[in-house]
Amino acid sequence: MKLDEVKIGGMGASRKRVEDNRFIRGKGNYVDDIVLPGMLHMEILRSPVAHARIKSIDTSAAWDMPGVRLVLTGEMMAARNLAWMPTLSYDTAAVLATDKVRFQGQEVCAVIADDPYIAKDACGKIVVDYEILPPIVNPVQAAAADAIQIRDDKAGQVGNKIFDWEIGDKARTDKAFEDADLVSKIELHYPRTHPSPMETCGSIADYDRATGKLTFYVTSQAPHIVRAAVAMVAELPEQNIRVISPDIGGGFGNKVPIYSGYVIAILASILTEKPVKWIEDKTGNLVSTGFGRDVYLKGEMALRKDGKILGVRMNTISDHGAFFADAQPSKFKIGLMHSAFAAYDIPTAHMFATGYYTNKAPGGVAYRCSFRVTEAMFFQERMVQAAADDLGMDQAEFRRVNFVKDEQHPHRTAFGFLTDSGQYEKCLDIGLEAINYKNFEAERAEAAKRGRLLGIGISTMTEPLGAGNSREYDILGIKMFDSAELRIHMSGKAILRTGSRGQGTGHETTWAQIVAHELGIPADDILVEEGDTDTAPFGMGTYASRSTPVAGAAIAMVARKIRAKARKIAAHLLEVSEEDIEWELGRFYVRGNESRGVTIQDCAMAAYSNMPDGMEPGLENTAYYDPPNLTWPFACYIAKVEIDPETGVWDVLQFVAVDDCGVRINPMIVEGQIMGGLTEAYAMANMQYQTYDEEGNIIGGNYMDFLLPTAWETPGFELYEVVTPCPHHPIGAKGVGECATVGGPAAFVNAVVNALKHKGVRNIDMPMMPNRVYEALTTGKDIYGMPPVRSGN
Amino acid sequence: MSSLYEEIQTPPASDIAVRRLTVNVNGEDRTANVEPRLLLVHLLRQAFKLTGTHSGCDTTNCGACTVLFDGRPIKSCTMLAVQADGHSVQTVEGLATASELHPIQEGFKQEHALQCGFCTPGMMMAAKALLEENLNPTEDEIRWALSGNLCRCTGYQNIVKAVLWAAEKMRAELN
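Read top to bottom, the protein sequences are chains A and B.
Under the working numbering, the residue at position 347 of the first sequence is numbered 347, and the numbers go up by one with no gaps.
Under the working numbering, the residue at position 46 of the second sequence is numbered 1046, and the numbers go up by one with no gaps.
Some hints here could point you the wrong way.
Pairs of lysine-lysine, DSS-like flavour, derived with a Cα cap of 30 Å [what the hints assert, rightly or not]:
| # | chain 1 | residue 1 | chain 2 | residue 2 |
| --- | --- | --- | --- | --- |
| 1 | B | K1161 | A | K27 |
| 2 | B | K1109 | A | K16 |
| 3 | A | K27 | B | K1109 |
| 4 | B | K1049 | A | K16 |
Some chain B residues close to chain A (C-beta under 8 Å, calculated; not the full set) [said to hold, decoys possible]:
| # | residue |
| --- | --- |
| 5 | D1029 |
| 6 | G1052 |
| 7 | F1069 |
| 8 | V1092 |
| 9 | Q1105 |
| 10 | F1108 |
| 11 | Q1115 |
| 12 | C1119 |
| 13 | T1120 |
| 14 | L1146 |
| 15 | L1150 |
| 16 | C1153 |
| 17 | Q1157 |
| 18 | V1160 |
By construction, these hints were calculated from the structure, which means they are not laboratory data.
A quick note: this is a predicted structure, and the numbers were derived from the prediction, not measured.
Idealized CB from N, CA, C, for every residue including glycine.
Turn these sequences into a full structure, and let the hints steer you where they fit.
This is the structure we're talking about:
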């Protein structure tokens, strides 16, 4: 009898999640749940000011407190060559400040004590004398000729500029603009925001002097990178470093970098010879760890009268904070910003990017996106809407005219990417139908009678997911690929390990489904384990939606290696030559005699008990997968909003999401990812941002200022599916975890701007808080930049 | 009184008074010696080793630490342990029996109402408080009842479905 793939939990099964069994019982194992014997607790003292020279630090009162074991300062770190550490973008970042503090919230001292309350108390006893320096809180100030230099620690650094970078064909693009019938322009700011997972960052360092072994428990999306970094920074032999990333309470890019707290905790454990736990508080997480976005985007589009796009110019100015600590592939200074307009057939494009230091938190992580793709797609769809409006063309029709057609794939974009596949018009059509686009103007007129303003906003996106290929993608020189190791036990059950690390993304469930699909072993018979560098094969981790494109592919490939060996065993068991063996899900049989066969489980047993002469025993293998290209999912998101003109409050009447992420391994989990991503898109469009006042005080350093939407505000989402299998991925899958966060924001902004178009409004920057919408609709003016900060006193 | 006697290992600084308290946790009396400033969430996590209750934001916004206090949902990061002396506290660990999940737990799994799982215990406790008062809630009533609990992963839609799933099952069990 043939196996039913869905019944065994294979591809396409909405299999319930394995990891839920512990989470719903309160038996998750997050880093703060781990208690080791004799464990000490660390607390970090942070700078209250944005920019200041440290004149002196007096820690004596802290040392005197009962229960305090160690107080660390930058000077003590420097004595061990640990005051500075490398960042993921070839810069350096202070571990504990020595010379200056460069942003509010920067780590200045650390106290290690018997109890977290004592550690916190002791931090309050430390006296730091600061000589205040003028703070720089935006790139305009940073670029000023007389600006104070933030990074005076760096030899050869001039001013506050980090990089100039360009890509594309300038001469050809200039020519396209000369030939244009019309040039459409837009200028906007993608505000600074924070990934803000519910769980903050944290770690336990456990150094054992007797064995020389460091066990480091850490909330990391990329435990193998942590091991490599610790080996480099702390100069411990890599074989003696074991990094364990337990259950992660959300990551969204925030838990990729190496933070000061980790380095300090490791040193503290070495010095005290005890395990040292450091759990960041929420403010510490929001003010010092990897933020997202903070880019000023300007651009223009050369257009022909009939709606054809002839060329695009983009200019970005990015604010990186005090250290250039972006987590991104080395080759690209502003991530994959040049993925902009990849879904559109545009002959030529040019982009110029500049990055600056400011007295703000460092980071620039890929917050639920593939390295600045969010900013790229947001700019793309805002630019497209402005161009359609300037041409007087319907916004859906303008997209249709310019989309890359299905048969043009693989398509070389104007910035040099190669998109792999897609059905862009089909997705658009499904979206337009679902939202009843044809009827929208009638709805708008009807709402106007009630005194309400209706708007509709379309956003489409395709993003490059699954870095790398190793030719182009590396982090600190380590090529980007991923891995899987599969061991089939003699009973036909299995354990699978990968170099990725799920963070709520359901790997323990879906990875087993890929093996079930390839081998016919029921998913329930496969244990998935990740996050322990002593047992898992090397991998670059989980971020930028790269797990399914890369680790997922490695899983399929290792399963195929296992199947190839099992085929030889089957031939032996069936006493025929290998060429006469056929495969169906879970079973080999003799060609022409279907009833004569052996199951994969029979082969597993034989691998340990009855292998052919000369064959290596066992049934285990490892695969490393270096993808030939990135995967290119596509999505069309359409929002319909209603604005109350008396308050500026906007409500989402309907939201339609059409996602094409290739073959879906577990549709339930894919839909969960899309809904979660759309909620973060809604959050950014509506309320979730961080800014700084002119003194460099952060606004958005706790959940009273940094607003996340609750169940009450969050709209409902209608999901639709299109499947264009990825042509180069072994199971046809593409990445999906971030599509909705990437493509979603422009749908909301386009909708609100569409509602105010008749007032002459072309742009409202996020967050579109009611007062900003109200200002736009009453004045007819664009809203640009961050919401103004009310100063104190 | 339970035979289990838990206490914070670290002796407090000498000038801090120590209070002995007894809290009924998930139906069992538990005793500890604590500093008066110790937060309830830390009593549960550190002294009683009930790590299902998570500490999320420190400012009473996120609700990851939600437990039922004498049957009502409260945020245990904003209550002192000593305030719980003589009262009852229910945590996520008390939801399931040895053999059976609570319908809310089942509903969360069936409807894919969790991803990273960090907000889940607090979310389920808030849902329990709702369903104990109202076994037939509307979607709006559920969204309002859970609006003190933040989730960063799911977008809430499946959480609402999970609570509806649980309500239906609990109504069926009553009949």
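Hint check results:
| no. | hint | in the structure |
| --- | --- | --- |
| 1 | B:K1161 x A:K27 | 23 Å, holds |
| 2 | B:K1109 x A:K16 | 7 Å, holds |
| 3 | A:K27 x B:K1109 | 14 Å, holds |
| 4 | B:K1049 x A:K16 | 29 Å, holds |
| 5 | D1029 | 20 Å, violated |
| 6 | G1052 | 2 Å, holds |
| 7 | F1069 | 17 Å, violated |
| 8 | V1092 | 4 Å, holds |
| 9 | Q1105 | 4 Å, holds |
| 10 | F1108 | 5 Å, holds |
| 11 | Q1115 | 4 Å, holds |
| 12 | C1119 | 5 Å, holds |
| 13 | T1120 | 5 Å, holds |
| 14 | L1146 | 5 Å, holds |
| 15 | L1150 | 5 Å, holds |
| 16 | C1153 | 5 Å, holds |
| 17 | Q1157 | 5 Å, holds |
| 18 | V1160 | 7 Å, holds |
In this structure, the hints that do not hold are numbers 5 and 7, in rising order.
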